[in-house]
Amino acid sequence: MTTASWQAQVYAALKRARIRQIGYVPDAGHAHLIDAAQADPDMRAVVLTTEEEGIALAAGAWLGGERAALLMQSSGVGNCINMLSLPVNCRMPFLALVTMRGEWAEFNPWQVPMGAATPAVLAATGVHVRRADSPHDVAEIVAASAALAFESTVPVAVLFSQRLIGAKVFEK
Amino acid sequence: MTFTANHPASRDQAKVMNRFDITKRMVARLKHDEAVIGGIGYTNFDLWAAGRRPQNFYMLGSMGLAVPIALGVALAQPQRKVIALEGDGSILMQVGSLATVAARKQKNLAIVIMDNGTYQITGGQLTSTELGADIVAMARGAGIAQSAWAADEAAFEELIELSLREDGPWLIGCRIDKEKPAETTERDPPRIRDQFMRGLGVKQ
Chain E
1 MTTASWQAQV YAALKRARIR QIGYVPDAGH AHLIDAAQAD PDMRAVVLTT
51 EEEGIALAAG AWLGGERAAL LMQSSGVGNC INMLSLPVNC RMPFLALVTM
101 RGEWAEFNPW QVPMGAATPA VLAATGVHVR RADSPHDVAE IVAASAALAF
151 ESTVPVAVLF SQRLIGAKVF EK
Chain S
1001 MTFTANHPAS RDQAKVMNRF DITKRMVARL KHDEAVIGGI GYTNFDLWAA
1051 GRRPQNFYML GSMGLAVPIA LGVALAQPQR KVIALEGDGS ILMQVGSLAT
1101 VAARKQKNLA IVIMDNGTYQ ITGGQLTSTE LGADIVAMAR GAGIAQSAWA
1151 ADEAAFEELI ELSLREDGPW LIGCRIDKEK PAETTERDPP RIRDQFMRGL
1201 GVKQ
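Residue numbers (our numbering), protein chains in the order written: chain E, 1 to 172; chain S, 1001 to 1204.
Since the hints were derived computationally from the structure, they do not count as laboratory data.
Here the structure is a predicted model, which means the values were calculated and not measured.
Ideal Cβ placement from N, Cα and C applies to all residues, glycine included.
Treat the hints with care, since some could be wrong.
Claimed, not checked - Facing chain E, a subset of chain S residues (Cβ under 8 Å, in silico):
{"hint": "1", "residue": "SER1062"}
{"hint": "2", "residue": "VAL1073"}
{"hint": "3", "residue": "LEU1092"}
{"hint": "4", "residue": "THR1100"}
{"hint": "5", "residue": "ALA1102"}
{"hint": "6", "residue": "ALA1151"}
{"hint": "7", "residue": "ALA1155"}
{"hint": "8", "residue": "PRO1190"}
{"hint": "9", "residue": "ARG1193"}
{"hint": "10", "residue": "PHE1196"}
{"hint": "11", "residue": "VAL1202"}
Stated by the list, open to error - Computed beta-carbon distance windows for the label pairs:
{"hint": "12", "chain 1": "E", "residue 1": "ILE81", "chain 2": "S", "residue 2": "ARG1187", "range": "50 to 58 Å"}
{"hint": "13", "chain 1": "S", "residue 1": "ALA1028", "chain 2": "E", "residue 2": "GLY126", "range": "37 to 45 Å"}
{"hint": "14", "chain 1": "S", "residue 1": "ARG1025", "chain 2": "E", "residue 2": "MET1", "range": "57 to 65 Å"}
{"hint": "15", "chain 1": "S", "residue 1": "ARG1025", "chain 2": "E", "residue 2": "ALA4", "range": "50 to 58 Å"}
{"hint": "16", "chain 1": "S", "residue 1": "PRO1190", "chain 2": "E", "residue 2": "ALA123", "range": "29 to 37 Å"}
{"hint": "17", "chain 1": "S", "residue 1": "ALA1137", "chain 2": "E", "residue 2": "GLY65", "range": "31 to 39 Å"}
{"hint": "18", "chain 1": "E", "residue 1": "ASP133", "chain 2": "S", "residue 2": "SER1010", "range": "49 to 57 Å"}
{"hint": "19", "chain 1": "S", "residue 1": "LEU1162", "chain 2": "E", "residue 2": "THR3", "range": "47 to 55 Å"}
{"hint": "20", "chain 1": "S", "residue 1": "ARG1052", "chain 2": "E", "residue 2": "HIS128", "range": "12 to 20 Å"}
{"hint": "21", "chain 1": "S", "residue 1": "GLY1141", "chain 2": "E", "residue 2": "THR3", "range": "31 to 39 Å"}
Please take these sequences and the hints and turn them into a complete structure.
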């Protein structure tokens, strides 16, 4: 399965979960999802200056009666730690799709520490963590995670493993 | 911009007003269940004291996020005006959110900045605005063309009226004094969230 085809399935899963707002920071691993969101007249794609804003955007969406998702990279998880107290404290859903760096044939050493810390950091702040390693079940995992987030009203992050997104998506 | 013709060109020229007084003046002009997101600190304490409207959301943490929360609400509720009420210290922490709002050209969003040049709740340490940073100029630079300092209380009310009537995004800078807030917001986040959602009618 190509990257574009499983990412199209993931976008379809977000649509079925009635996601109406997608906050994102530019990320090659999420490029297809970002393009799809921008091209979709029923989706509000919001480019953020930092991942922290995405936690807030998702909270605001829920407060206003809509569902949002945040697309980011594992490095951005570190930026969000204090802000995750917002959905945890106010008992709001939160759904993040996180592309992993620093774990599979990584060429940039600066990505390794935060990549390694990402699952533990999310768990420590009260976020439920799911992991997608295979293109065959990633859309199913996203759908189940969206259901968990929005039906049980908890914060959930789905980690897209670096092996899944392809270790060499960047030019060195 | 004609709307800024009667407003000060810089922070230095704006009158120092009282936070609780101008918060009450703002709330008095909200006639259509406008949503207000009150940023962390004394900013939301005085919003709480000014009437506990069901359409108010009070932040007790996550410093700096009032503007992007308001953006999410504004996107979800395009027919409703949404106001982000934020302090100078808080907006300095997430100053990029001004560019995010400008990029969206969010028509139903206004940002009101309460600027007393200090992190007052933690003991009054100076913020960068007291040392030369001008948030209205920064907002204009970020792309929010309709940004102005309120010259005085009457000008503040005029700007609020304008922001409720005309398309945004807007940013209204207010120089305020260092008076203590009138009350303290109840520290019950799930209740704050629940009341706000019921106040907006998105939850029955």
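Hints, verified against the model:
At a threshold of 8 Å, the smallest CB-CB gap from S:SER1062 to chain E is about 4 Å, leaving the interface hint in force. Annotation: interface hint on S:VAL1073 holds; nearest CB of chain E at approximately 4 Å, less than 8 Å. Violation of the interface hint for S:LEU1092 is found here, the shortest Cβ-Cβ separation to chain E being roughly 13 Å, above the 8 Å cut-off. Interface restraint check: S:THR1100 against chain E, minimum CB-CB distance 6 Å, threshold 8 Å, status holds.
Checking S:ALA1102 against chain E by beta carbon gives a least distance of about 11 Å; that is not within 8 Å, so the hint is violated. Checking S:ALA1151 against chain E: minimum C-beta separation of about 30 Å lies over 8 Å; hint violated. This hint is violated: S:ALA1155 has a C-beta 29 Å from the nearest C-beta of chain E, more than the 8 Å allowed. With a least beta-carbon distance of about 5 Å to chain E, the hint placing S:PRO1190 at the interface is held under the 8 Å criterion.
Using the Cβ-Cβ criterion of 8 Å, the hint placing S:ARG1193 at the interface with chain E is satisfied: the shortest such distance is roughly 4 Å. The interface hint given for S:PHE1196 is met, as the beta carbon of that residue sits about 6 Å from the closest beta carbon of chain E, less than 8 Å. The restraint placing S:VAL1202 at the interface with chain E holds, with a minimum CB-CB distance near 3 Å, inside the 8 Å limit. The hinted window of 50 to 58 Å between E:ILE81 and S:ARG1187 is violated, with their beta carbons roughly 21 Å apart.
In this structure, S:ALA1028 and E:GLY126 meet the distance hint of 37 to 45 Å, their C-beta atoms being roughly 39 Å apart. Take S:ARG1025 and E:MET1: their Cβ atoms lie about 59 Å apart, and the range 57 to 65 Å holds. Look at S:ARG1025 against E:ALA4: about 54 Å separates their beta carbons, and that is inside 50 to 58 Å. Taking the beta carbon of each, S:PRO1190 and E:ALA123 are about 22 Å apart, not inside 29 to 37 Å as hinted.
Roughly 35 Å separates the CB atoms of S:ALA1137 and E:GLY65, a value that falls within the hinted 31 to 39 Å. Distance hint check: the CB atoms of E:ASP133 and S:SER1010 are about 56 Å apart, consistent with the given range 49 to 57 Å. The hinted range of 47 to 55 Å is satisfied by S:LEU1162 and E:THR3, whose Cβ atoms lie roughly 48 Å apart. Here the CB-CB span from S:ARG1052 to E:HIS128 is close to 33 Å, at odds with the stated 12 to 20 Å.
Look at S:GLY1141 against E:THR3: about 38 Å separates their beta carbons, and that is inside 31 to 39 Å.
In this structure, the hints that do not hold are numbers 3, 5, 6, 7, 12, 16, 20, in rising order.
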